[in-house]
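Residue strings, one per chain:
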Amino acid sequence: MKQASTGAWKLWLGRRWLLVAAGFLFLFCLSHLGLKLTHHTEGYDAWAGTIRFFQASVSPSFTDENPRLPADATPFLARLGEDLIRTIRYALIATAIAIPAGLVLGLLASSHWLPKFLRWPVRIFLSLLRSIHELIWAIFFLSAVGDAALSACLALAFPFAGTLAKVYSELIDEQKRSAHDLIRGAGGGRAQAFLSGIFPTALPDMITYSLYRFECALRSSAVLGFIGIETIGLTIHRSFENFYYGEVWTALYLLIGTILAIETFGSFIRRRLSQASSPKQTTEQNPTEETLRKSAPRDLPLRASALAWLSIIGLAFILGPSLVNSVPEGQRAERLSRFLTKLTPDPVAPSTQLASWSERLTAWKEGSQELMPWLANNWRNPGAEALGNTVIMAIAAVLIAGAGAFLLIPWACRNLASAQPMGLISGRGKIREMISLMIRGFFIVTRAVPEYLYAFLLVGLLGPSAWPLVLALALHNLGILGRLWSEVVENQPAGEARCVIQIGGSRLQCFLAALLPLSLNRFLLFFFYRWESCIREATVLGMLGISSLGYYISIQKNFRQYDDILFFTLLGAGAIILGDLLSDLIRRKLRIGRFDV
Amino acid sequence: MSDISVRDVTHQFGATSALAGVAFDISPGESVALIGASGSGKTTLLRLLGLQQKPTKGQVKVMGCDLHEAKSCNLRSTRSKIGMLPQDLGLVPNLRVIQNVILGRSGSRSLAGTIRDLAWPKLSEREEIFRILSRMGVEAKMYHRTDTLSGGQQQRVALSRTLYQGAKILLADEPLSAVDPARARDVLELLTSLSQEQGFTLVVSLHQLELAREFFPRLIGLKEGRVLFDGSPTDDEVKTLYQDAQNHQDPVRG
Numbered sequence: 000m001k002q003a004s005t006g007a008w009k010l011w012l013g014r015r016w017l018l019v020a021a022g023f024l025f026l027f028c029l030s031h032l033g034l035k036l037t038h039h040t041e042g043y044d045a046w047a048g049t050i051r052f053f054q055a056s057v058s059p060s061f062t063d064e065n066p067r068l069p070a071d072a073t074p075f076l077a078r079l080g081e082d083l084i085r086t087i088r089y090a091l092i093a094t095a096i097a098i099p100a101g102l103v104l105g106l107l108a109s110s111h112w113l114p115k116f117l118r119w120p121v122r123i124f125l126s127l128l129r130s131i132h133e134l135i136w137a138i139f140f141l142s143a144v145g146d147a148a149l150s151a152c153l154a155l156a157f158p159f160a161g162t163l164a165k166v167y168s169e170l171i172d173e174q175k176r177s178a179h180d181l182i183r184g185a186g187g188g189r190a191q192a193f194l195s196g197i198f199p200t201a202l203p204d205m206i207t208y209s210l211y212r213f214e215c216a217l218r219s220s221a222v223l224g225f226i227g228i229e230t231i232g233l234t235i236h237r238s239f240e241n242f243y244y245g246e247v248w249t250a251l252y253l254l255i256g257t258i259l260a261i262e263t264f265g266s267f268i269r270r271r272l273s274q275a276s277s278p279k280q281t282t283e284q285n286p287t288e289e290t291l292r293k294s295a296p297r298d299l300p301l302r303a304s305a306l307a308w309l310s311i312i313g314l315a316f317i318l319g320p321s322l323v324n325s326v327p328e329g330q331r332a333e334r335l336s337r338f339l340t341k342l343t344p345d346p347v348a349p350s351t352q353l354a355s356w357s358e359r360l361t362a363w364k365e366g367s368q369e370l371m372p373w374l375a376n377n378w379r380n381p382g383a384e385a386l387g388n389t390v391i392m393a394i395a396a397v398l399i400a401g402a403g404a405f406l407l408i409p410w411a412c413r414n415l416a417s418a419q420p421m422g423l424i425s426g427r428g429k430i431r432e433m434i435s436l437m438i439r440g441f442f443i444v445t446r447a448v449p450e451y452l453y454a455f456l457l458v459g460l461l462g463p464s465a466w467p468l469v470l471a472l473a474l475h476n477l478g479i480l481g482r483l484w485s486e487v488v489e490n491q492p493a494g495e496a497r498c499v500i501q502i503g504g505s506r507l508q509c510f511l512a513a514l515l516p517l518s519l520n521r522f523l524l525f526f527f528y529r530w531e532s533c534i535r536e537a538t539v540l541g542m543l544g545i546s547s548l549g550y551y552i553s554i555q556k557n558f559r560q561y562d563d564i565l566f567f568t569l570l571g572a573g574a575i576i577l578g579d580l581l582s583d584l585i586r587r588k589l590r591i592g593r594f595d596v
Numbered sequence: 000m001s002d003i004s005v006r007d008v009t010h011q012f013g014a015t016s017a018l019a020g021v022a023f024d025i026s027p028g029e030s031v032a033l034i035g036a037s038g039s040g041k042t043t044l045l046r047l048l049g050l051q052q053k054p055t056k057g058q059v060k061v062m063g064c065d066l067h068e069a070k071s072c073n074l075r076s077t078r079s080k081i082g083m084l085p086q087d088l089g090l091v092p093n094l095r096v097i098q099n100v101i102l103g104r105s106g107s108r109s110l111a112g113t114i115r116d117l118a119w120p121k122l123s124e125r126e127e128i129f130r131i132l133s134r135m136g137v138e139a140k141m142y143h144r145t146d147t148l149s150g151g152q153q154q155r156v157a158l159s160r161t162l163y164q165g166a167k168i169l170l171a172d173e174p175l176s177a178v179d180p181a182r183a184r185d186v187l188e189l190l191t192s193l194s195q196e197q198g199f200t201l202v203v204s205l206h207q208l209e210l211a212r213e214f215f216p217r218l219i220g221l222k223e224g225r226v227l228f229d230g231s232p233t234d235d236e237v238k239t240l241y242q243d244a245q246n247h248q249d250p251v252r253g
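Chains A and B supply the protein sequences, listed in that same order.
For reference, each letter of the first sequence is one residue, going 0 to 596 in numbering that gives the first Met the number 0.
For reference, each letter of the second sequence is one residue, going 0 to 253 in numbering that gives the first Met the number 0.
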């Protein structure tokens, strides 16, 4: 008993400690970022621009706002439609590549196949795949491969394969092993036991997660437009720079609509997979095998959507212009070789761009003592500062998002913010339900728009500083955390919370006294999970022109200094992997704490 | 020749020893109950009998196969003759009943065969499974998802799986743990009558002493990893079995 009480006490301290630390961290971030939210050039009327932008939200354009377009130009809506289809196509192809790759890598990273010392290299490789942002992959692929379409697909497929593999391996390792052991015990082989004992139970979660990743791929595909690949992001970029705000809003609405449609489809599939479909009633007294098989419960909508999904992926590969068309056949090897030279750190790069392997090797040997000074120099100026800024932006953003979501969820979660909180009748509730609906809608919309897009728009409206990036990250993550946390609260058993309402407590009291303590561990789990992705995203947001890793990456991109880009990228990747490890550690501690009490 | 022979078996998990110097033989077709308090080593012993683990010391020989000299026998084909009914049943919740039953024969199927069986079972197999499920009284659920069945029905599905497997030995780990007391007798009735009907060796671990005495001619009593009695115990022997273990379980009521 004594041990249990010290355990609980430690946990209590652990949570307090986290809160205090978060407070100090936020103050530190504030001192670093400054309090000035807007940075405009002299004489620029910021409000007028902002007001004009938001006014346009009620009057999205259906025709070109540019008066000087030639008469035979493709009309705006048709162009936008093509962009959207291209965006979806790249996302589809990328996910179709990433899923099988993630499956193989995920199996290798799970505890079923490889011994531990071989599993770790796979896991490190996966972290590296994941921690390099798709925008940076795209910069590399554009230079190495050349074709925009192919580069877009590969740039999305690589990090997504890493993420999918990680989650697949976790899902596989989470499954109970009893069926697996039983099949082994009945003489089945390892592969048989895995395939029939573990895989079927992990599959529904793997499918829902893959669908969610497709939604993410769609957002990322749109964002690729900001580095010049022709997706819907490029249209938004161009229209915004030309002050065609109506066009921006049309594109935004279209993108949000598409993402919401996919999300609805995803939750439909999730519902279908989690519950068995009800069997048809057989009227016969003693049914034969034949009649049983014919009346077996079958989920036709589920099967139809699987079929539709597969055919859409097939069409994405077949229809439309070829993915490889812009680079002449003979120049591919040359292009790749030139890219490799530029990617090699300057001191050890060969003198000619089209060097052979032996030339590369000698250049590497000759310049190797110069390599350390080169690294040190890059670290001093500007690596360290850029990295610091990036991490600070990520921390400030996730803290703001967490605080915002925390304040909103008591008003959002369905079991509390209703006319019948926790199933008990209360006098009033219509307004509560309206507020709850609005907040949940807000969560959905904020989450549907990618961070990078928010950042781009906010930099345009607030002027260049770190704040628009922080706010962009915070806004997107507020939506995600709000949704995830509400789900946690909604999934709590009603018992304890109902007691508070039963004895006359208010909804807020019920939240603080019963629902929050029950949910806190999972809240923190999700919070740290979002922290990881904030760091990852913050590394590229700087590409919008604010001193951080992304800023230097975008500058070096203009000079085609791929070795420097690689340096900053790996620096960011290192931070992300460190953040991953840290958050893994904290999450594991929290998980153990859950069973201690 | 005995089906199962256990010679001087000691098994340890780290520093704690689960079994110490256990020895007995079981002949083909025999029905045996392993009884003892929680933590007396019943489950460990069943795992050893199922050839799932090597004992730390001593010899476990099942149908002529010994894990210490596994090269001399075909481990997989031996295992395919041992049916297990673990406490949590080991069913795949989101597969259909027929698919779970079909997995019983994994030991005599290739990987490709397993995939085919799961997706397109042959007519002969379907009919055989239907017969077995009918014998168990759950044929109506043949094409339902396994997790939609009640606990008792799932236990019958798990039993059907071992019948389809054609096991020569059935090892059941506390088959009454999830069954309501009123149905406990039915389950033991079913197990023992199946064992006689199909002629397989039955080893069941049980908490419930009275039920064990009623249904099994031979009881092996385990206490702290040692065999306390083997055969039909006297009342005094039974008393010592549960001494110092009163807080675990009431031996008489079960």
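Treat the hints loosely; a few may be bogus.
Unchecked claim - Which bits of chain A does chain B cover? Going by a derived footprint, with three or more residues having C-beta under 8 Å, they are: (1) 179–189; (2) 197–210; (3) 285–292.
Stated by the list, open to error - Under the rule of at most 30 Å between Cα atoms (straight-line distance), these lysine-lysine pairs were calculated in the DSS-like manner: (4) A/Lys175 to B/Lys60; (5) A/Lys115 to B/Lys53; (6) A/Lys293 to B/Lys53; (7) B/Lys238 to B/Lys222; (8) A/Lys115 to B/Lys222; (9) B/Lys80 to A/Lys175.
For the record, the hints were derived by calculation from the structure and aren't laboratory data.
Quick reminder that beta carbons are idealized off the backbone N, C-alpha and C, glycines included.
Here is how each hint holds up against the structure:
Only residues whose C-beta sits within less than 8 Å of a C-beta in chain B count toward coverage, and the region 179–189 of chain A has 9 of them, enough to reach three; the restraint holds. Evaluation of the coverage hint for the region 197–210 of chain A: fulfilled, as 4 residues show C-beta separations to chain B shorter than 8 Å, against a requirement of three. Residue count for the region 285–292 of chain A with a Cβ under 8 Å from a Cβ of chain B: 5. That meets the three needed, and the coverage hint holds. Note on lysine 175 of chain A and lysine 60 of chain B: the hinted pairing holds, with a Cα-Cα distance of about 29 Å set against a maximum of 30 Å.
Only pairs whose Cα atoms come within 30 Å are accepted, and lysine 115 of chain A paired with lysine 53 of chain B is accepted, the gap being roughly 22 Å. Distance hint between lysine 293 of chain A and lysine 53 of chain B is unfulfilled; the C-alpha atoms sit about 46 Å from each other, more than 30 Å. Our distance criterion of 30 Å between C-alpha atoms is met by lysine 238 of chain B and lysine 222 of chain B, whose separation comes to about 11 Å. Between the alpha carbons of lysine 115 of chain A and lysine 222 of chain B the distance comes to roughly 37 Å, so the proposed pair goes past 30 Å and is violated.
Straight-line distance between C-alpha atoms of lysine 80 of chain B and lysine 175 of chain A comes to about 24 Å, which keeps the hinted pair within the 30 Å bound.
The structure does not agree with the numbered hints 6, 8 stated previously, though it agrees with the rest.
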